[in-house]
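Please model the complete structure; the sequences and the hints are all you need to start from.
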Amino acid sequence: MRLLRTAVAVPALLALGLTACSTSTPAGSETAAAPAESTTAAAPAESTSAAAPSESEAAPAGDLPKGNGETIYLVSKGFQHRFWQAVKEGAEKAGAEYNYKIEFVGPQAETQVTEQLDMLRTAIDSKPVAIGLAALDSGAAESMLQEIKAANIPLIAFDSGVDSDIPLTTVSTDNAAAAAEAAKHLAELVGNKGTVGLICHDETSTTGKQRCSGFQDWMKENAPDIKVLQPQVAGEVGLAANTAKSMIQANDDLVGIYGTNEAAATGAIQGANESGKEITVVGFDSGKTQLEAIRGGTQAGAVTQAPVLMGYETVVAAIKAINGQELEKVIDSGFQWYDKDNIDDPEIAGNLYE
Amino acid sequence: MSTNAQGTDTPVVESGVSRFLKSSIQQVFVFAALILIYVFFMFAAPNFAQPSIFLDIVQQSAYVGVMALGATFIIATGGIDLSVGTGMTLVAVMAGVFLSGDWLNLPLGGGLILILLVGALMGLLNGLNISVLGLPPFIATLAMMMVARGLALVISGKSTISIKNPGYVWLANGELIPGVKNAVLIFVVMAIIAGVMLNKTLLGRYAIAIGSNEEATRLSGVNVRFWKTMVYVTAGVFMALGAILYSARFGFVQPAEGVGFELNVIAAVVIGGTSLAGGRANIIGTVVGALIMETLKKGLQMMSIAQEWQLVVTGVVVLIAVFVDIVRRKRATAV
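Residue numbers (our numbering), protein chains in the order written: chain A, 1 to 354; chain B, 355 to 689.
Calculated directly from the structure, the hints in this document are not laboratory data. Hints may be right or wrong, so weigh each one.
Simulated crosslink set (BS3-like; lysine-lysine; CA at most 25 Å straight-line) [said to hold, decoys possible]:
1) A:340 - A:184
2) A:149 - A:127
3) B:518 - A:277
4) A:127 - A:320
5) A:340 - A:149
6) B:512 - A:93
7) B:512 - A:288
8) A:93 - A:329
9) A:340 - B:518
10) A:193 - A:227
11) A:329 - A:66
12) A:193 - A:149
13) A:66 - A:149
14) A:220 - A:193
15) A:288 - B:518
Chain A is faced by these chain B residues, among others (derived, beta-carbon under 10 Å) [what the hints assert, rightly or not]:
16) 407
17) 410
18) 535
19) 536
20) 554
21) 603
22) 604
23) 656
Even glycine gets a Cβ: it sits at the ideal position worked out from N, Cα and C.
Structure below.
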């Protein structure tokens, strides 16, 4: 019902919106009136080149109608972290292109599951045309997901998968594949032998689990001579540094450590420095400290996601859902390995943040 | 450490000898617990039995330990400080503002004084809210906890601040005594200072007296409001030192950290035998309490035990420590 009503209402209101635009803000109307194909096709291409398989299906069809300033609500896992700011940037870009208002919220820390649920509640109560959710805890949101379904609001999962069939699609980095990429590079760097440690930043979200297990699985299958230690969880730098140091001290043959986010990788470097041993550290994502370490040579490299594209694709998927279009079950927003040699390549630099 | 730093029991008038014995038993107990845990890991965890591991434990517990020294005074008055975790982060962010090349880039000496002043100021606000406005310490410091967290994020613009000042980094990582990190040295020195302050100065004496019986202390002519405020100011300065140790170790500050650190601080104080009800405080106990927490973490990490079990074990140790202390005190009063 709701979909039908929106479909009828949109073109009519669109006309009104365009006239309003052109009189008040010429710049805005220009974007709105520009051919949809050119703007949308350019966006994914400039954001990443790693998302090759998904690009064709992700590139929105030119006939995707524009909205009329309706609100699409995105509930992310965080707000202050630069990663989420990049997702927001991408989401707002798509919002501006298709004329939807983007409401982007997230809890203060990635451990605050209940705060996120409160935000999701606010999102539902404000009756947006679509909701995007990066669930901190897949299980905890279940009852609200049922409500969203009952209210006929299309739900798009992003970043982290949600263990439920209510989301129409999941726009995410294939974290397991990205972690496997980190494993592959670490194995190469340490010469395919020795013991490696694993510092995971979180073990409740699907993302966190996949970043750990993807690494472990790849090592198990492809590097029989590498021993992987029991993963340790450390979400902040101090704890990660102490953990890394303990790993190094307890295992004389430790040659490498993989940290699943900025704090974990940075802590691993600090731990290695303090222990005075040469350890190859690879990380995930970017951030000021990781970028400095990679440029300075203390960190071998890291896998980066494509947060801008993730935000963009989430909103495009939401708009497709609003218009009743079919969606793939999973939309990959891509990842890339970077080290000090390619850190400044434009296609990589766009996804790195301080 | 020195006899200056011995703990203090009930303020009931008693002979120096019996007081010394009582506080010794308390210290012997926490020490025994630490040694027991330590010996266990020497056998259970690979490579644990090395002097460098012990130094690591002291170094890693230094920032929590130093803040716990200050918190001991607050808890002695029967108060509590929930703002010490995020407060530490706010002070660290301010350290970044004062010293970072991207910000004010002040000379080290001036920067350090300002950093300590920020800590003292936060303590002063807590103290005034509690002693003048009459807010319960739990509420006043809970509010400060949120304010500090918010301000840390606002001031830093939510991004990491790096402090490249080599002198600053040296404060924690340098080795004035070869082989011993300065953080360890600062922890030891501050513990001695705190021990003297608790046992030999008016501040420490009044803190315990207030925690034991605030009304009686007031009636005996002590300016309770003033001394209580001073206790929070003192704890604020210790917090600022903790912030320096924490941020100098890494050379950068992440403004979102620090949440939950206050619980480690309180746990260290409580394991050490300082009563949450006030009136009893023990500086050596606090030091050992901080060491017990870090020894557990270090040992379990080196045994490759998963994080979730580390938390469970630490929780159980806090329970046992406090329970044994209660039993011991009941017996003491029964006899």
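Hint consistency between residue 518 of chain B and residue 277 of chain A [alpha-carbon to alpha-carbon, up to 25 Å]: holds, 23 Å
Pair hint outcome, residue 193 of chain A versus residue 149 of chain A [Cα-Cα no greater than 25 Å]: violated, 50 Å
Hint check: 10 Å Cβ-Cβ cutoff, residue 536 of chain B to chain A: With Cβ-Cβ at 13 Å, over 10 Å, it is violated.
Residue 512 of chain B paired with residue 93 of chain A [C-alpha distance capped at 25 Å]: Judged against 25 Å, a Cα distance of about 22 Å means the pair holds.
Supplied contact hint for residue 603 of chain B, tested at 10 Å Cβ to chain A: OK, holds: residue 603 of chain B within 10 Å of chain A, min 8 Å.
Straight-line alpha-carbon gap residue 512 of chain B to residue 288 of chain A, limit 25 Å: Roughly 12 Å between the alpha carbons, so the hint for residue 512 of chain B and residue 288 of chain A holds.
Restraint check for residue 66 of chain A with residue 149 of chain A, where alpha carbons must lie at most 25 Å apart: holds, 24 Å
Restraint check for residue 288 of chain A with residue 518 of chain B, where alpha carbons must lie at most 25 Å apart: Roughly 13 Å separates the two Cα atoms, so the pair holds.
Hinted pair residue 193 of chain A and residue 227 of chain A, Cα distance within 25 Å: holds, 8 Å
Per-residue hint verdict: residue 554 of chain B, partner chain A, C-beta under 10 Å: violated, 33 Å
Interface hint status, residue 410 of chain B versus chain A (Cβ within 10 Å): holds, 7 Å
25 Å Cα cutoff - pair residue 149 of chain A, residue 127 of chain A: OK: residue 149 of chain A and residue 127 of chain A at ~12 Å, within 25 Å.
Checked against the numbered hints above, the structure violates hints 5, 12, 19 and 20; every other hint is satisfied.
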